[in-house]
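Peer 1: One letter stands for each residue in the lines below.
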Amino acid sequence: MAKLVSLVSGGIDSPVATYLMIRRGVEIVAVHMDNRPFTDDKNLDKALQLVRHLQDLTGTPIRTYIVPHGPNHIVFARNCNRHLHCLFCRRMMYRVAERIAEREGAVGILTGESMGQVASQTVQNINVVNQVAKLPIIRPLIALDKQEIIEIARKIGTYEISTLPGLCCTIVPEQPSTAAKLPDVIAEEEKIDIESLVEKSLEGMYVLAPEAL
Amino acid sequence: MYSLLKPCKTSAAFEAIPRERFSLDLDRCEEILRPVCTIVAHAGVLLIVNDRCEVSIHRDGRLILKTGLQELATEQAGRIAGWLEGTDALRMHRDAGMSGRHQRK
Numbered sequence: 001m002a003k004l005v006s007l008v009s010g011g012i013d014s015p016v017a018t019y020l021m022i023r024r025g026v027e028i029v030a031v032h033m034d035n036r037p038f039t040d041d042k043n044l045d046k047a048l049q050l051v052r053h054l055q056d057l058t059g060t061p062i063r064t065y066i067v068p069h070g071p072n073h074i075v076f077a078r079n080c081n082r083h084l085h086c087l088f089c090r091r092m093m094y095r096v097a098e099r100i101a102e103r104e105g106a107v108g109i110l111t112g113e114s115m116g117q118v119a120s121q122t123v124q125n126i127n128v129v130n131q132v133a134k135l136p137i138i139r140p141l142i143a144l145d146k147q148e149i150i151e152i153a154r155k156i157g158t159y160e161i162s163t164l165p166g167l168c169c170t171i172v173p174e175q176p177s178t179a180a181k182l183p184d185v186i187a188e189e190e191k192i193d194i195e196s197l198v199e200k201s202l203e204g205m206y207v208l209a210p211e212a213l
Numbered sequence: 001m002y003s004l005l006k007p008c009k010t011s012a013a014f015e016a017i018p019r020e021r022f023s024l025d026l027d028r029c030e031e032i033l034r035p036v037c038t039i040v041a042h043a044g045v046l047l048i049v050n051d052r053c054e055v056s057i058h059r060d061g062r063l064i065l066k067t068g069l070q071e072l073a074t075e076q077a078g079r080i081a082g083w084l085e086g087t088d089a090l091r092m093h094r095d096a097g098m099s100g101r102h103q104r105k
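Sequences listed follow chains U and B, in order.
For the first sequence, the numbering used here assigns the number 1 to the initial residue and increments by one for each residue that follows.
For the second sequence, the numbering used here assigns the number 1 to the initial residue and increments by one for each residue that follows.
Simulated from the structure, these hints should not be mistaken for laboratory data.
Honestly, I wouldn't trust all of these hints.
Here are the computed lysine-lysine pairs in the PhoX-like style, where the Cα-Cα straight-line distance is at most 20 Å [unchecked claim]: (1) U:Lys146 to B:Lys9; (2) U:Lys42 to B:Lys9; (3) U:Lys181 to U:Lys191; (4) U:Lys181 to U:Lys134; (5) U:Lys3 to U:Lys200.
If you anchor each label on the Cβ, the simulated ranges turn out as follows [claimed, not checked]: (6) B:Ser23 to U:Ile192: 24 to 34 Å; (7) B:Arg91 to U:Glu199: 23 to 33 Å; (8) U:Pro61 to B:Glu85: 51 to 61 Å.
So these bits of chain B aren't anywhere near chain U, every CB distance computed over 12 Å [unchecked claim]: (9) Asp25; (10) Arg34; (11) Val36; (12) Ile64; (13) Gly78; (14) Arg79; (15) Gly86.
Remember, predicted model here, so these are calculated numbers, not experimental data.
Quick reminder that beta carbons are idealized off the backbone N, C-alpha and C, glycines included.
Let's have the full structure, built from the sequences with the hints guiding it.
Peer 2: And the structure:
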């Protein structure tokens, strides 16, 4: 059975994407990038509740990694162009997910991205974040609109969990770039030691076994 | 200084919106607030804790107050405004009060 690393936030989209791929017979390893202190504790709680719900719903055990991402935000915000922040964030998520995939023997990364939904999810920006990954990025929701995603979320019972109170990321820039250029993003990333950030994220992460959820 | 508090979309926090357009020098804000609050992070936004309420202070003057209690959010926004108003951390814009989101009553 093919295995994918699924980036699971506490939001509406990623659990739906994960569910759709489980239904296709894919084994899932969940990764939650923990944005605290730029979100609150409720987002982590919601992500874990969502994984537990998907386990119960599908009868599939899901191992879950929780990775500290707040310190990465601080480094990017202090050293790099603020308009590109969401791209640095996503590229870092993919780097970490790829390292976890290596460890888990997974063959791709699964995300709940959907075209045009937020600033980082334009075609140009998706191209920029794609360039950082060697593994394929699977985006089952890419062509769905929000209402279609919500309908599936309601049907599978994740909507109620995803919409529980939880603070959105507060370090999102005032004017995020919607059409970033790869050379600009790479030039900014060269100002910092990306590899050391990835290593620190991996050192700080912890894993929850399916039965621990 | 702040005229409106509206709940964030998931009701986990309140947002305080400046009555007039101004920007904040977050370095100066940090210096001013350090004696009275705990500074959690200064990185694009200034994240502080005051009386167990976490507040994100943005360059455009917005505050995100991490509490579901409107009374506490109002009190905290007022307190922060009191600390910053009249200091050189706050720069009024020439078109103050004239545009977009800052025009809300």
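Peer 1: Determine for every hint whether it applies to the structure shown.
Peer 2: Hints, verified against the model:
Taken as a hint, the Lys146 of chain U and Lys9 of chain B pair is honoured in the structure, with Cα atoms around 15 Å apart against an allowance of 20 Å. Taking the CA atoms of Lys42 of chain U and Lys9 of chain B, the gap is about 14 Å. The hint holds against a cut of 20 Å. Note on Lys181 of chain U and Lys191 of chain U: the hinted pairing holds, with a Cα-Cα distance of about 16 Å set against a maximum of 20 Å. Restraint check for Lys181 of chain U and Lys134 of chain U: satisfied, since their Cα atoms lie roughly 19 Å apart, inside the 20 Å limit.
With a C-alpha separation of about 25 Å, the suggested pair Lys3 of chain U and Lys200 of chain U falls outside the 20 Å cut-off, and the hint is violated. Separated by about 26 Å at the C-beta atoms, Ser23 of chain B and Ile192 of chain U satisfy the suggested range of 24 to 34 Å. Arg91 of chain B and Glu199 of chain U have their C-beta atoms about 40 Å apart, which leaves the hinted 23 to 33 Å range violated. Roughly 55 Å separates the CB atoms of Pro61 of chain U and Glu85 of chain B, a value that falls within the hinted 51 to 61 Å.
Every CB of chain U is more than 12 Å from the CB of Asp25 of chain B (nearest about 15 Å), matching its label as outside the interface. At roughly 17 Å from the closest C-beta of chain U, the C-beta of Arg34 of chain B stays outside 12 Å, upholding its exclusion from the interface. Under the 12 Å C-beta cut-off, the non-interface status given to Val36 of chain B relative to chain U holds; the minimum distance is some 19 Å. A Cβ of chain U approaches the Cβ of Ile64 of chain B within 12 Å, the least distance being about 5 Å, so the stated non-interface status is violated.
Distance check on Gly78 of chain B: its Cβ is at least 20 Å (rounded) from any Cβ of chain U, clearing the 12 Å threshold; non-interface status holds. At roughly 19 Å, the least C-beta separation between Arg79 of chain B and chain U is larger than 12 Å, which holds for a residue marked as non-interface. The claim that Gly86 of chain B is not at the interface with chain U holds, since no C-beta of that chain comes within 12 Å of its own (minimum 24 Å).
Checked against the numbered hints given earlier, the structure breaks hints 5, 7, 12 and satisfies all the rest.
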